[in-house]
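As given, the protein sequences belong to chains A and B, one line each in that order. Take 1 as the starting number for the first sequence in my numbering and just add one per residue. Take 259 as the starting number for the second sequence in my numbering and just add one per residue.
Read the hints as simulated data drawn from the structure, not as lab findings. None of the values given here were measured: they were computed from a predicted structure. All residues carry an ideal CB built from backbone N, CA and C; glycine is no exception.
A few chain A residues facing chain B, derived, Cβ under 10 Å: (1) Ala182; (2) Asn186; (3) Tyr205; (4) Leu206; (5) Ala249.
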Amino acid sequence: MSRVLIVARNTFREAVRDRVLYNLVFFALLLIASAVVVGQISMDIESVVMVSLGLSAISLIGLLIAVFTGVGLVSKEIDKRTLHAVLAKPLRRWEFLLGKFAGLVLTLTVNTAAMAAGLFLAILYLKHSLVRGDAVVLAAVYLILLKLALVVALAMLFSCFTSPLLAILFTGGLYVAGLFVAQLRNLQTTQFNPQTQKLFTVLSYLLPNFENYDVMGAAAHGRAIPASLVLHDTLYTILYCGIVLSAAAAIFSRKDLK
Amino acid sequence: MSGGRSAAWLLLLVVLAGFTGIWRLQRKISMQRAEMHQEQDEILVRSPKLMKLATLEYGTLVADIYWTRAVQYYGGKRLGQDTNLASLWPLLDVATTLDPNLMPAYRFGATFLAQPEPRGAGRPDLAIQLLQRGIDANPEYWRFYQDLGNIYYLNLKDYSKAGEAYLEGSRKLGAAAWMKVMAARFLEKGESRETSVMLWSELYDSSTDEAIKQNARINLELLRTDEDIDHINEIAEQFTAKAGHPPRSVREMVQAGLMAGEPLDPRGVPYVINRDGKAQISEKSPLHKEESIYRRAL
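Model the full assembly from the supplied sequences, consistent with the hints where possible.
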């Protein structure tokens, strides 16, 4: 376990060195500008717009980091041939993979936490106070983080058996598909026979359901997010990441690195 | 070798057990999310003007996405028997603003909006607004006038406006010849069963959408039952005059030699006589439920 943590710590350091966290400057500028402008142009929905905008930015920036950095985690090590030196040490391949995953999730956690803090400051600037109901924003940020962890796992899986460009395309494609899972499940059309519809239903349960994490609407309108939903989403992410990382480890352990 | 095989088995086990857990969790999550009623999630941006600016040169594509969302939204609400279609108009509004030539969005959208609850949003005013916008953007498309006329005739019972819409449409290039005939009928006679049958038959034949076809089919069946019931009631009056009391069943009229056999409704179920001696659709008939929905709405 300590070996996994060492890899995770190094991955985090590497991300910081690669200036991944520089996006926070962009996010801060966006929020400052929005806080000033939103107050002038929105009538009665300043905080709604601010929360929607802030959460969307957290999600989008996080997704870009998760996909691009996630895909590069393994492929960069192979390209630079640094992986050989790492694996020459007493470190199993799955430990390396798990460490890389944990490192990037840690980076994303720090990044997301900093952005969330910025968002709360912007809300405070607009409303002049924070109320207990604003905690739903925190729950929404947490669910975004869970989503990002799943995206990282998928990006790592694809990068284990294909080129970085294809891995980005596959991850992005699967993410978009995962946003329409409910539509796939409820697809009622005369174009397909019952067997095909059943297949769609099964497929809808196998695909990662990214809609599960979307509570932006509820958060923006200050509506409560059930604790059980947060719990189930957490379990869902752990389970799905477990499956994806197991598959990634199985592929990576058989990969010819010569 | 055996290590590799056992690893493969282990992976298979992890995947199977994992997805079983995911299946169960997903069902719970879906139920919890359904309870949250995130109505506003259907629409990211409600302002069509803002959307037009924000979508840059991709407005047509985004319009397609909004239209697809509108169809899914309407279908989902119907499946869930939810009559709150508050987001339907904003979705259609954005879709048709982004792509003013998106014909299905005007035609089907107007149908979804105009139909009374629980089959639609019960907003013929918005349906007319949508079609007028479609006409402004595509003035030569005669089908919009047909749809407009149908809404005036079927939903608002404004026969002169229905006639005017059909007449205007009949002047457009490529308009079907029956547009003029229908316009004349609306303007001369207003509502009549024969006109309604013609209208629904045309809708049934021309529509490619299964939901609209089914709607037309049920309306045609109900119009046929109206005709049958009128006919049975005429015979019932003869029976009353002859027997001195109203008939208690259709069979009684058959036995009295006034009818050749028990007439069946379009779904093959015999009509029944109610306590007042009048004919009606049997409660055993699937049409009885349809009648309660369709006729309540009208």
